[in-house]
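Colleague: Protein chains in written order, with our numbering: chain A, 1 to 135; chain B, 1001 to 1655; chain C, 2001 to 2295.
In short, the hints are calculated from the structure, not lab data.
Just so it is clear, CB atoms sit at the ideal spot from N, CA and C, and this is done for glycine as well.
Don't take each hint at face value.
Stated by the list, open to error - Think about it this way: if two alpha-carbon atoms lie no more than 25 Å apart in a straight line, the pair counts; the simulated DSS-like pairs of lysine-lysine are:
hint : chain 1 : residue 1 : chain 2 : residue 2
1    : A       : Lys85     : B       : Lys1344
2    : A       : Lys85     : B       : Lys1487
3    : C       : Lys2099   : A       : Lys17
4    : C       : Lys2013   : A       : Lys17
5    : B       : Lys1474   : C       : Lys2222
6    : B       : Lys1388   : C       : Lys2222
7    : C       : Lys2102   : A       : Lys17
8    : C       : Lys2013   : A       : Lys115
9    : A       : Lys67     : B       : Lys1488
10   : C       : Lys2102   : B       : Lys1474
11   : C       : Lys2149   : B       : Lys1474
12   : A       : Lys67     : B       : Lys1487
13   : B       : Lys1044   : B       : Lys1121
14   : B       : Lys1346   : A       : Lys85
Claimed, not checked - A few chain A residues that don't get close to chain C, going by computed Cβ distances all over 12 Å:
hint : residue
15   : Ser8
16   : Glu9
17   : Leu10
18   : Glu13
19   : Gly14
20   : Ile58
21   : Lys67
22   : Lys85
23   : Val105
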Amino acid sequence: MNVTLSSSELKKEGIEKTAQLSGANFFSCYQCGKCTAGCPASEFMDIPPHEVIRLLQIGQIEEILEKNSIWICASCITCAVRCPKGVDLAKIMEALRQIVLRKNVNYVHPSSVSKEELRTLPQIALIANFRKLTG
Amino acid sequence: MIKSARLNSVGVFVCHCGINIASTVDIEEVKRQLAGYPGVEFVKDYQYMCSEPGQLLFKEACRSETVGGVVVASCSPRLHETTFRRAAAEAGMNPYRVEIANIREQCSWVHHDEKEKATIKAVDIIKSVIERSKRNESLSSVSIKTVKKVLVVGAGISGMQAALNIANSGIETYLLDREPSIGGRMAQLSETFPTLDCSQCILTPRMVEVGQNKRITLMTYSEVEEVSGYVGNFKVKVRRKAAYVDWDKCTGCGLCSEKCPKKVPSEFDRSLGRRKAIYSQFPQAVPNKTVIDRESCLYFKTGKCRLCVEACPLGAIDFEQEDRIEEIEVGAIVVATGYDLYEKEKIEEYRIGYCEDVIDGLAFERLLSSSGPTQGRVLRPSDGTVPKEVVFIQCVGSRDPDHHLPYCSRICCMYTAKHAMLYKHRVPDGQPYVFYMDIRSGGKNYEEFVQRTIEEERVLYIRGRVARLYRDGKKVVVVGADTISGKKIEIRADMVVLAMAMRPSGGIGELSKKLKIQVDQNGFLSEAHPKLRPVETLTRGVFLAGCAQAPKDITDTVSQAGAAASMVLELLSNEELTHSPTTAWVDEELCAGCGQCVAQCAYGAIELDTRRKKAHVNDILCQGCGACVAACPSAAVNQRNFSISQYYSMIESIV
Amino acid sequence: MEVVSYMPGCTLKTSGRNFEKSAITLFDILGVTMEELDRWVCCGTTYSLSSDNIMNQLAPVRTLLRAKETGRRELLVLCSMCYNTLRRAQSLVLHDKEKRDKINEFMYREKTTFDGDEIRVVHLLNYLKDSVGFERVAKRVVKKPSDLKIALYYGCMLLRPHEVSVDESSEDPTIMEELFSLCGVTPVYFPFKTECCGSYQTVNQRDMVLSRAERIVGSAAKNGADMIVVSCPLCCHNLDSSQQRVADTVRGFRKIPVMYISQLLALLVGADDAGDYRLHSVDPRPVLKEKGLIG
Ligand SMILES: Cc1cc2nc3c(=O)[nH]c(=O)nc-3n(C[C@H](O)[C@H](O)[C@H](O)COP(=O)(O)OP(=O)(O)OC[C@H]3O[C@@H](n4cnc5c(N)ncnc54)[C@H](O)[C@@H]3O)c2cc1C
Ligand code: SF4
Ligand code: SF4
Ligand code: SF4
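Please build the complete structure, drawing on both the sequences and the hints.
Modeller: Following this line, the structure appears as structure tokens:
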């Protein structure tokens, strides 16, 4: 698929919103891939973390939202502490999730968690999960 | 001389600087407002005052004898003050009666959105300079005799090159290094990119040439203790460190080292090999003399041993030796103190993987070097086996503004390619991998060299940074990414070579303070101007060369050293040097002798006569910075042509 | 008797109760009373990472207010997730004046405000190091296990972001190694000590969490650990309860028990047991018996 770039494409709403919600400057990312290399979840993601940032840089937020990456992220902050350019990728992942969740969309449906799991899972797992993955 | 001119009348030139000034500042309006300003004889404008016709106009005005001074409203005085002052002198006007009003950098360039306000500001700037100019004195410059000798600090390839160039032009040169031998880092290298010349083979003839040059006095195992004086007349105290060996007797035969029972890791071999407590730095050392490392020597520790004393046939060992301070006088100084590598321990996320087989680039040079601890065979330091999977990691510590150093170390792309290629030559069935972010190979034949590494040697280049290293049995696991395929990559390596960032040699901070020269935000020595004065410092008479200024390869190092040498020669080709007379002076009537000015002067130009309780400024040392003027609570210090009354009148003219 | 205010958090009252119980026992022996806050609310478990979300900061801030009301300057926390959330919320209030004012405005019915500098949130490890002193803990050790090897697992929330790290280094921390070495237990080389366990993805990304557990526990086992020591009920769950599933699919996978810092410390300083062993998936008793820590 070709991408047609223009200044308006690069500044569209979702991009600005991500920047604002995350407070991170993803334009300082120089695509070194250290985030991807250290990410415990990247092998389960459709696109690796540094590509999430690249797609933001070239204005392709829709494509990010079609992929599972932001939902796989475990908010472990490994990427943010190691990034040589101080890009807080964990916050960017959160901002992208929020953009979806705030439309009242749930990624995880609490009702789908089985009784057995509800019994065995520690509270913090459930609360954290719903905090991160439901609207 | 101007007889009829009223000394306090001035002529004003307003320069358009093409459109640089004229498109923002309304020149006609400026002229209108200045015409008739008290003391202004005329106001003229011109397209480019610095052009030849512009200067002719200017000289004419200087000659016209109707004005006592001229104000040129143009760019920063840093650019053309000298031009106009020289022109004035040619036209018979005292050059210190010419002043520049900066209406470009301080006005048109920064206010191009606000034309009207910019015009008002330009008028204000010019008015204030007119006021200053009216009160200027005719000064004449101070002249100094020069000592025709030079000190070069640091005897790596840059220092050696500069010393040779200067000495071969007939000038006595001291070449100082804190290590026992000259040669610097280049002596540690194996082969050099892009030609793969053996480093020692091209370096040692130079070292011998330096050693034999009659006009070069070697001062190795020495450090700069104290520097006083000024351009043309520096006095330098040099600490000659005690070697505990009488170098006049020592022939470097090495019998002492053979007998010495104490082994310690060798700095020269980056701890991959060992040396004795009494040692010569490396076999080709110049001068070829031994030193005793007091920290490791058994005699110094326990009072027993003295095996070296027995071994030396010439009786050169001298445990009683002490550091000596030697004082030399020189007219100019070249600083060529080179670089160190950033410590790999600082890379926390790699630390968990560190073991003997994770080494830095210089250590790998020692492994590759035929005179190194393995005679050039690539062997794992941990167990002496041949590593079959070797990972090279670029940019370690470099280009990481968030944790380490923000800059690119500039040569590691090249030496990593060289390392991977040489490894492949030594271990044909081994597999080298290079983790890189970009390949910076902008030198003559450099890109071709890198391409050869990739195409012919089949070195696998992987584009991505490494997130972490950890040990797994005898392997080091490298966890990285390949951003091109989007894959996370893990390699179980037998050996890892880190292309550590280059940083200025340790101790550069103190040395720069002694020399009163500046360092930049990364600790490298600052040049006077990045484009036009790349080998000068802001302190006259002190020059720089090599990696002390910024990371660079040998080619650039040698070129820069030659440039520094030619600047030294230019400086010392004059019997006398002139010095700006806009210096500070103390009004003894007002001086209370508090000494606050003395503490403020960065150049050590003010002394306090404690008996008379009066401060005194040394004209030759004073750089005219004005720090003392601001510091004096009694307003007793004034600067020539920058007097406090001049400042008041400048302020009054605009408020 | 020293007294310290303490906030347990939800999970320490349920599946993580061994953590709390053993900590109380440990502190008793050390001569410190842990005084649970009268009222506390769930910290929210994860610190909100989006800049405009103030709602999620309220819960931790209210708990910090309760701590302030005790008149003490410190709040002890055991659970890594509570620690991270409270510590970051405290730092946010301290450094972001705008948010501080908004939060305090919202809490207008509280008797006092929270300004960020009244309370220091202290994790168990830092409390033991700075207030009790590792030496003092070590002096209390009565059981010398014969060559017990442990893998000290920090996970994420004790270390990241760097500002809240319990150790100077968030990449290569050694505070736990220091403590346990002094207590006569040998930490093993454990390169996965700071790698994420998969965290809350345990709810709906089971595969990912299993694969994390395989690598983390596998590394500990390979390096000879008899046990993994943790500070977080979620890490504990992910590393402990996944092991059977991993063992079912990975040949040669060696299961090892997972225990909380305080469980092991309590045993070392003389406690009879380390709580309710039914809460463990991999039973620690065989190892504890073998090493002479329980009868
Ligand atoms: C791993 C590696 C491989 C390299 N390979 C190549 C290559 O293949 N080709 C190439 O062109 N370049 C290569 N380089 C770069 C090369 O090493 C440098 O360009 C060159 O050595 C710089 O010379 P220098 O004289 O400026 O500094 P140095 O060689 O560092 O010399 C500085 C000297 O100053 C002395 N000194 C320092 N501080 C003081 C002080 N305070 N007082 C007294 N003396 C002091 C030191 O003892 C030293 O002798 C490589 C660099 C590295 C790290
Ligand atoms: S580590 Fe930072 S700079 Fe590197 S790719 Fe990730 S976000 Fe970009
Ligand atoms: S915070 Fe998310 S993206 Fe970053 S390393 Fe952790 S799991 Fe990966
Ligand atoms: S020269 Fe190459 S390896 Fe070295 S810092 Fe620059 S880009 Fe990185």
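Colleague: Determine for every hint whether it applies to the structure shown.
Modeller: Do the hints match the structure? See the list:
{"no.": "1", "hint": "A:Lys85 / B:Lys1344", "verdict": "holds (19 Å)"}
{"no.": "2", "hint": "A:Lys85 / B:Lys1487", "verdict": "holds (21 Å)"}
{"no.": "3", "hint": "C:Lys2099 / A:Lys17", "verdict": "holds (19 Å)"}
{"no.": "4", "hint": "C:Lys2013 / A:Lys17", "verdict": "violated (39 Å)"}
{"no.": "5", "hint": "B:Lys1474 / C:Lys2222", "verdict": "holds (13 Å)"}
{"no.": "6", "hint": "B:Lys1388 / C:Lys2222", "verdict": "holds (24 Å)"}
{"no.": "7", "hint": "C:Lys2102 / A:Lys17", "verdict": "holds (22 Å)"}
{"no.": "8", "hint": "C:Lys2013 / A:Lys115", "verdict": "holds (20 Å)"}
{"no.": "9", "hint": "A:Lys67 / B:Lys1488", "verdict": "holds (18 Å)"}
{"no.": "10", "hint": "C:Lys2102 / B:Lys1474", "verdict": "violated (56 Å)"}
{"no.": "11", "hint": "C:Lys2149 / B:Lys1474", "verdict": "holds (21 Å)"}
{"no.": "12", "hint": "A:Lys67 / B:Lys1487", "verdict": "holds (16 Å)"}
{"no.": "13", "hint": "B:Lys1044 / B:Lys1121", "verdict": "holds (18 Å)"}
{"no.": "14", "hint": "B:Lys1346 / A:Lys85", "verdict": "holds (17 Å)"}
{"no.": "15", "hint": "Ser8", "verdict": "holds (24 Å)"}
{"no.": "16", "hint": "Glu9", "verdict": "holds (24 Å)"}
{"no.": "17", "hint": "Leu10", "verdict": "holds (21 Å)"}
{"no.": "18", "hint": "Glu13", "verdict": "holds (15 Å)"}
{"no.": "19", "hint": "Gly14", "verdict": "holds (14 Å)"}
{"no.": "20", "hint": "Ile58", "verdict": "holds (23 Å)"}
{"no.": "21", "hint": "Lys67", "verdict": "holds (15 Å)"}
{"no.": "22", "hint": "Lys85", "verdict": "holds (15 Å)"}
{"no.": "23", "hint": "Val105", "verdict": "holds (15 Å)"}
Taken one by one, the earlier hints fail for this structure at numbers 4, 10, listed in ascending order.
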